[in-house]
Amino acid sequence: MSEPTTVEPAAPSAAPAARGVTVEFRGIRRSYGTTHALAGLDLTLRPGELLALLGPSGCGKTTALRLLAGFDRPTEGRVLIGDRDVTDVPASKRDTGMVFQAYSLFPTMTAAENVAFGLRMRRVGAAERARRAGELLELVGLGNRGGSFPHQLSGGQQQRVALARALAVSPAVLLLDEPLSALDARVRVQLRDEIRRVQLAEGITTLFVTHDQAEALAVADRVAVLDAGRLEQIGTPQEVYGNPATPFVAEFVGVQNRLPAERLDGGQVQVLGTPAVLDGEAPAGALTVAVRPEALAVGGGGEPGTVVSTTFLGPVTRLVVDTAAGELVVDTVSRPGLPGIGERTTVGLSTERVRPVP
Amino acid sequence: MIQLAGHRPAAADPTPPLRTGWWRAVPWRDLLGVAPFAAYLLVFLGGPLYFVVSGALSDADGRPTLDNVIASLTAPQYRAAFLSSLQVSALTAVIGAVFGAFLAYAVLTGRPASPLRRTVSTASGVLAYFGGVPLAFAFIAALGQTGLATIWLRGAGLDLYAAGFRIDSLTGLGLTYVYFQIPLMVILITPALEGLLPQWREAAENLGASAWAYWRLVALPVLAPALAGATLVLFGNAFAAYATALALTSGSIPLVPTAIASALSGNVLVGQQNVGLALGLDMVLVITVVMVAYLALQRRANRWNRR
Amino acid sequence: MTRGRRWRAVVLALAALYFLLPLVAMLEFGLRAPGGGYGPANFLAVVRDPVLLSSLLTSLQIALVAAVLVIALVVPTAVWVRLRLPAVAGLLESATILPIVIPPVVMAAGIAFVQANLDGPLFRELFASSLTALTPFYVVLALPFAYRAVDNGLAAIPLRTLVEAARNLGASMAGALLRVVLPAIRSAVLGAAFLTLALVLGEIVIARILLYTDTFPVAIVEVGRSQAGVAVALSLAALVLTWVLLLAVSFAGGRRTGAERTP
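Protein chains in written order, with this note's numbering: chain H, 219 to 576; chain A, 83 to 389; chain X, -6 to 256.
Honestly, the hints are just simulated from the structure, not real lab data.
The structure displayed is predicted, hence computed values, not measured ones.
Among these hints, one or two may not hold up.
Said to hold, decoys possible - A few chain A residues that face chain H, going by a derived Cβ cut-off under 10 Å, partial list only:
no., residue
1, LEU113
2, ALA117
3, ALA120
4, SER251
5, GLN281
6, TRP282
7, ALA285
8, GLU287
9, ASN288
10, LEU289
11, ALA295
12, LEU299
13, VAL300
14, PRO303
15, ARG385
To be verified - Computed footprint of chain X on chain A, listed as stretches where at least three residues anywhere in the stretch have a Cβ under 8 Å from a Cβ of chain X:
no., region
16, 122 to 136
17, 202 to 208
18, 229 to 241
19, 322 to 332
20, 336 to 344
21, 364 to 373
As the list claims (entries may be wrong) - Pair by pair, the computed Cβ-Cβ distance ranges are:
no., chain 1, residue 1, chain 2, residue 2, range
22, A, VAL176, X, ALA2, 21 to 31 Å
23, H, SER527, X, LEU84, 47 to 57 Å
24, X, LEU162, H, THR529, 36 to 46 Å
25, A, LEU302, X, SER87, 25 to 35 Å
26, A, ALA310, X, ALA2, 26 to 36 Å
27, A, GLY239, X, GLY30, 18 to 28 Å
28, A, VAL176, X, LEU84, 26 to 36 Å
29, H, THR252, X, VAL3, 25 to 35 Å
30, A, PRO158, X, LEU115, 38 to 48 Å
31, A, THR370, X, GLU157, 32 to 42 Å
By construction, the Cβ of each residue, glycine as well, lies at the ideal position given by its N, Cα and C atoms.
Only chain H is shown next, with the shape it has when bound in the complex (with noise of 0.2 Å):
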C-alpha cells in the first residue's frame, strides 16, 4: 500500500567517503538449471550510497545480495569490492556485514557478546571488544541492553543489535536483506529513519534490498527496480518515481492512471480537458499519457465519474472514479466535503507536465 511519498532531499554524498567503496556487479548471472535467477547484472554502487534492491518476490535481489555476501556462487560473472575481486573469495573473508530478515541473533549470547562475535573472530582482546561493543549498542540506542539475551528483546530491538553487530568489524559494504519486512508498521518506519540515519554517519556503502518500494523510496540514495532477474530501471527515487523507464517500474514503483491525450499545437497536449506539457518523446499516432494520483483532483471540473471507492489514509484520501477514460485513482488532501462512494463528480489534471506512457 503505498502512501504518495513525502519525498526525502537526496542525501548529501558529502558522506565521510573514508570507508566507503565502490561494489561492482559485472555481468553477473544466476542460474539453476532452466531458471534465471540473475539474467545478467551490471550494477555499481558508489562509495557511501545507499543502494536500494526494489522488486517483487522472485526477481533475483536476494540472489544478488547473496552472492555478494558470499553465500552463493554466480554461474556467471565478476563481483568486486573496492579494486578486489571476491568472486572466489569465501563469504568468511569478504569484509561484508549483513543485517538479515529476522532471527539471526545468536540465542545463546547476550547482545553484546552477539555484537563483539565478529571483533571476536579477528582476535580482538576482550576489553576492546567490550569496549566497542558498547560504543555499537549506543549507537543503536540500545546502550543498557548490551546483557540482555535475544529472546528477552523485541523483534525491532533484535534488528537493532543485528545491525550494531554487523556494523562492529567496520566492514566495507553493510548488506541489508529486507531487514523490516518482519517489524510491526510503527517500529519499521522508526528503525528505518535510524538505520538511513548510522549509513550516513558511517559513510558506508549499503545495499538494501526490499519488496516495499516506499521503504525504498524514502530511504535510498538510488534506487534498482529488478525484475525477473533484469535490471529494469536505476536512478534517484525521484527519478524513478517521476520518470519511470518500463511499465514494470512504472507499474511497481507508486500507481499510475493512463490516459489518453489529444495533441494541441505547439507541441502541448490536452488530457482530461486540460492543456498541458507532454515531457518527451511519444511515437506519432495515438497518445497515452501516464499519470499518477496525486497529480488528479476531484470536484475542479474535467472528466465526469462516479466515485466507486474512497480510501482514508489520514493526510491523503484515495478515490476511485469510474469516468468514460478508465476506472482513474486520485490522491488528494483529506477534507471535509470530498465526494463519497457512488456520488458523481469530475477528474481533472492538478498538473502542466505529464509524460508518455513508458
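Chain H is already provided as a structure; the job is to place chains A and X on it using the hints.
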C-alpha cells in the same frame, strides 16, 4: 514458530480455545471426558506399580520393612548387576548419542522430504519401537558363531570366537544395543537440529567464523541441552531394556532386569520375590531421575526459541 | 560446500553399511537350507509348524484388540483435551510418558505378584489366557507413542472448526468424532495402530515373565534355541512387514498433506 521438544507441526486452528485458565476455571464436568483414559492408566499401570512399591516395602508376611530395598542395593550379586547395567547403559548411550547425532545431521543436510529422509525416519521409528527380538536375532545372524560377519571376518583372518568374543556376552549385548540407540538418537535430536536456523550459520560466516568456530560458539551451545537430554533418554532406554537380553541369551547376562526376573521366578533363591520387587523399585527411581533431568533440559532448550 | 557433501556421503554410506549388514545377515541366515544351499524353508516354518502358526494368530488377535483399545482410548481423550481442556494437555503428555518410566520388566514384576498372590473371580478372568492377560498391559505400553502420533495428527488439522461445523450441521459429538475427525487423522491413527502391531509382535518380557508362552515373539525365541534359522527368518519377516506398513502410511500421509497445503 520453531519448537524444539516434541517436534509438533504448527497449529492450524485459528479459533481460540473455549476454556483457558488454571484449576479454578477448569470445570469438573469436562474432566469427566478424560476420566476413562485416566482410569485405565490408574488400573493397568498404577496397579502393577502399586504392587511393586508395596511388595518392595514389605516382607514375605506383608509387614512393612526396608530390608528388601537395602538388600537390592547391597547384596553382591545385585551390586554386580547394577554395575553391569549402568556400564552398558552409559557406554551405549554415549556411543549412540555421538553417532546418532552425526547421522541425524548428515540426513538433515540433504533435501527435505527426500526419499532418503523418509526411509531413515521410518526406519528409525521401526527399529526404535520394535524392541529386542528381531534385533537380537539380527545380531545372532551377523555375529553369532555361524553368523555372516563372523564367517567373513574369519575368512579375512580375524577369528572373533577364538579371541573370546561371544554374542551372548555383555559386550555382544552392548553392540546390539548400539544398533538400537543410534536410531533413537536420530529421532530425538532431529527436531533440535532442525531448530538450528540457517541465518545463524550465515551470520557467523559473514562475521568471519570458520566452520569450527561456528559449531563451537554458536551451534553446540544451542544444541547442548538437547544433546544432553537425548543422551539421558538413551541411557534410560538401555537401562530399562530386557527383551534383547532375553532373546539373545536365556537371561544369563548379569543385569538388573535379569536379576528381577530370576528373583521373581525363584530361580536363584526361593522367597526372593520381594527383593525382586525392590529391584524393580530401584529401576523406577533411576529412570524417574533420568526423565526429570531430561524434561528440565528440554525446558532449557526451548528457552532459546521462545518468542 | 563440496567438502560438506563428501563428508555427508561418507557418513551416510557408513551408516547404511552398519544398518544394512545385520539385516542382510538375517536374510542370508534365514534363507539357509538344512544340508547346505538356500531355501525358503525357515520362512515357511510359520505355516508348517502348528505351534508357530497358532502363536502368530494369537498375537495377531492380541494386536487387533490392543490397537482398537488404544485408538478408542487415545483419540477421544486427545480430542477432548484439545477442545475442552487445553490446560491439562501438558499433564496428559506427562502421563503418557509414565509407561516409559516403568519398564516392562518392572510392570511384569508387579503383575506377576498379583498373578501369584492374589485370587478372586476378577483376577482369574484376567489371567485366563494370554489374550485377556496381556492385551490390557500392551495397551499401556503402546499409549505413549500412540498418543504422540494422534496428537501430532490433531495438531495439523483445524480441529475446533471441523467439530463445530459438524455439530452445527446436526452431528452428535460421537458422530463428529467418527465421521469427521477420524478420517481427517487417518494416517496418524493408522500409524498408531501399526506401532501397536509392532509392539505386540515384539514383546516378550511381560509374556515370558508371566509365563504366557503362546505368543508369537515368545514362540520365536523358544524355537530359536534349537532352530536359529527359523527364528531369524520369522523375526525378519515381522520387522519388514511392519516397516513396509509404516512406510506406506508415511508416504500416503505425506502426499496428502502436500496436496492440502497448496491453496
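Please write out, lowest number first, the hints stated earlier that are contradicted by the structure. 1, 2, 3, 4
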